[in-house]
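Peer 1: Make one complex out of these two single chains by using the hints.
Chain by chain, the residues:
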Amino acid sequence: MTDQVTFPDAVQWAVPFFIAAILAEFLWISIKGRGGRYETRDAVTSLIMGAGNIASGFLLGFIAYAFFMWLWQITPLNLGTSIPVIILCFVLDDLRYYWVHRLGHRVRWVWASHVNHHSSQHYNLTTALRQTWTYTFTFMMVVRAPLILLGFHPAMVLFVGGINLIYQFWIHTEAIGKMPRWFEAIMNTPSHHRAHHGRNARYLDCNYAGVFIIWDKLFGTFVPEQDDDRVDYGLVHNIGTFNPLRVAFHEWVGIWQDVKQPGLSLRQRLAYCFAPPGYSHDGSRDNSEQIKAKHLARHPEDRGTPGFEQFDAKPPNAQAERA
Amino acid sequence: MPLEILLVLVVGGIAGITLLLHVTGRSRLRVLTKASAQKDWLRHFPDDDVIDVTISHDCHSALIRTNVGAGLLWSFGADTVARHLMDFDWLEHPKGLEVQFHEFGVPRVVIHLDESERRHWRHLMEPA
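In the order they appear, the protein sequences are chains A and B. The opening position of the first sequence corresponds to residue 0 in numbering that gives the first Met the number 0, with each subsequent residue numbered one higher. The opening position of the second sequence corresponds to residue 0 in numbering that gives the first Met the number 0, with each subsequent residue numbered one higher.
Because the hints were derived from the structure by calculation, they are not lab data. None of the values given here were measured: they were computed from a predicted structure. Even glycine gets a Cβ: it sits at the ideal position worked out from N, Cα and C. Among the hints, erroneous ones may be present.
Said to hold, decoys possible - Residues on chain B that point at chain A, a partial pick, calculated with CB under 10 Å: (1) 0; (2) 9; (3) 20; (4) 30; (5) 32; (6) 42.
Chain B extracted, bound-state conformation (with noise of 0.2 Å):
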């Protein structure tokens, strides 16, 4: 196939079906409760227990409290990704915390938190 085809077609179409899964509401950030964002907390780590769970007020992030300590779970497109929160720094965020962990899988995280939550958050999120 001529090289210009084909880079018509890929480009084409990867902006093509882009445009029809964004216009056809495919790009909605999955919403959290707390029995969601337990029942996915068990999914990523089936071994732990938790013990508390604490919810962003937009809903898209998690603080979760387990036998083997705090964790972040967070909305990742459709889905979900969490981490203990073990190996990691966080920053102030003009819009609430901002959770670097040390992965390259993994770089950033922003968490949405109004300004009540963000001291309560800073306080769960220490190390026990």
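Isolated chain A (complex conformation) (with noise of 0.2 Å):
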């Protein structure tokens, strides 16, 4: 199935939008005193790695698009390229996000690519920008193929995509407080995502989604940013740089790290690869549900609320004595 069909590159007409909003909300934090912080080395490494981003885009885009236009070859379907089909496309492309987003997390390939979006310490206009330059080598792009082979054009996946990753921008600042509250139901926002930038053990993996919220409240993944416990952004282990090589590739070359350790078996070398972040064969390196148990551990009036739900609301010994 061949036929000519274009959209534009939305990301890059965003650019001078990315930029104008920066300054906008730099001046806002200046004239206020409030509303999130800046820093020159932190922004400059965010900077580079958004630029980095589109370039890579140009050196290796090619990759997916041809994977795409061969399942656009193969598919006998064809739904057009109408204004409804336009938004069921962007619907279920975010439920593609959000899926994808998730594995971001939890399969240490994934998130080699992703982990610098999460690598400052900052939160701000500028580290929406923090984007990965190794997003081909995930091989990601194959959860793109059912909504080709339902007959989306590859074009206008990719359109509404580039303006999945625009709405996210405006959601990385700490300006803006709570949206109304049907606003906060349905769509994601700075606080929803603020919750998902946290180190903090509540935050660990939750709020994955790109621009409906809905997702992490269907699929039980859902954290409210809470009052009393303010987000600390960042990774679990900070990195000591700011040279966009070692952020772009710091947790591949851990992975090569780690794989190439000596007497380890087949099954300990692919953990590495695709266990969950955390996950080590000596249990020397705590996963994220070993990071929520040891802070119940210090802080058990925490059982149960927002992040630890998936812990009972009892302690082990309170079941224990019930028993």
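Peer 2: Dropping the structure here:
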């Protein structure tokens, strides 16, 4: 199936808006003295990561596009390019984003690409641009395959993906507190996404949504930002470099160093690649469940509160006494 | 968007924002006190018990003794980064000591120490 369908590269056209919005946020913070903070090297690193993301799209984007066009050749379906189809594509692509993002936090191979987005200890509009250079190597483009096989043109799928990323730009701010209740209920907002960027035990592995927060509510990963647990941004083990090359590749290097350790079984080597971040064959590291459990050992009063619902509201010794 | 315009926007945008942040004082390194260093250490390693804290004279590095061994905390822009001193090398440096962690994301840290501090820090950094 071949036809000429073109959509604009929305992310490129949004670049002037990104710059203007960053200046506006900085001005707001400077005047008000609240609503976030900026640090020169942190912001520059984020901006260079953003530029590198666009460059990696130019250099490696053809791999995903060739794959999508091959799928488009073999599918007998073509839903066209009407407005309702574009809207449907946008919603389904946002569901696709949710799962890719969730895998990005739960599979170390994908985390190696996504980790750099979380590597800043700041949370401002430049953080939104701290994007991966290595997404192609995660092979997560396969998650878009069902959309194209269903008859959504690859150019449209990429277009709505770009709109999705542009939407997510403005939610990377502390300058906006909470949006109206109806909006917070349906849409991803600065508040929901701040929680996603938290390294606090409570906020690990939550709020994967791109545009619609309903996916997190549907799949049980929603944690609302808590007034009494201020979000601490960054990684569980923060990196100590502003060098964009190190930011982009540090987790890939970490995987390699772990995998080539002598004396490991094949299963252990594979686990270092694909298990959730924090896996170690000797138990020397903690994954997010273990971090949450340790937090609850120190703060039993948090048991059963948002972000800790998977742990019983009663501590284990209380259960034993009850039994 | 034509590539040359995109390039001008990206390069100009990054340069302009960098200049703006620098001239408005956003390049200052975090200054540590004993209390803030202890608080920051527990932020990085909440399971540890801090025994004592030694701050460098420039207030940008802190040696933390904990129940699980010594650790280094240092200013990283407006924030801090911390590591236990387990897998590392140290070298003499004209400004003090250079600590090299065998970690791609934390390549090295230069600790500014005067002559009297150097010996003390070297002693504290030795494995127990």
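Peer 1: Now tell me if each hint is right for this structure.
Peer 2: Against the structure, the hints come out as follows:
Interface hint status for residue 0 of chain B: upheld, as the beta-carbon distance to the closest one in chain A is roughly 5 Å, under 10 Å. Restraint check, residue 9 of chain B versus chain A: the minimum CB separation of about 5 Å is within 10 Å; hint holds. For residue 20 of chain B, the interface hint holds, the least distance from its beta-carbon to any beta-carbon of chain A being 4 Å, beneath 10 Å. At a threshold of 10 Å, the smallest CB-CB gap from residue 30 of chain B to chain A is about 14 Å, leaving the interface hint violated.
Because the beta carbon of residue 32 of chain B sits about 19 Å from the nearest beta carbon in chain A, more than 10 Å, this interface hint is broken. Hint status for residue 42 of chain B relative to chain A: holds, with the closest Cβ pair at about 7 Å, below 10 Å.
In this structure, the hints that do not hold are numbers 4 and 5, in rising order.
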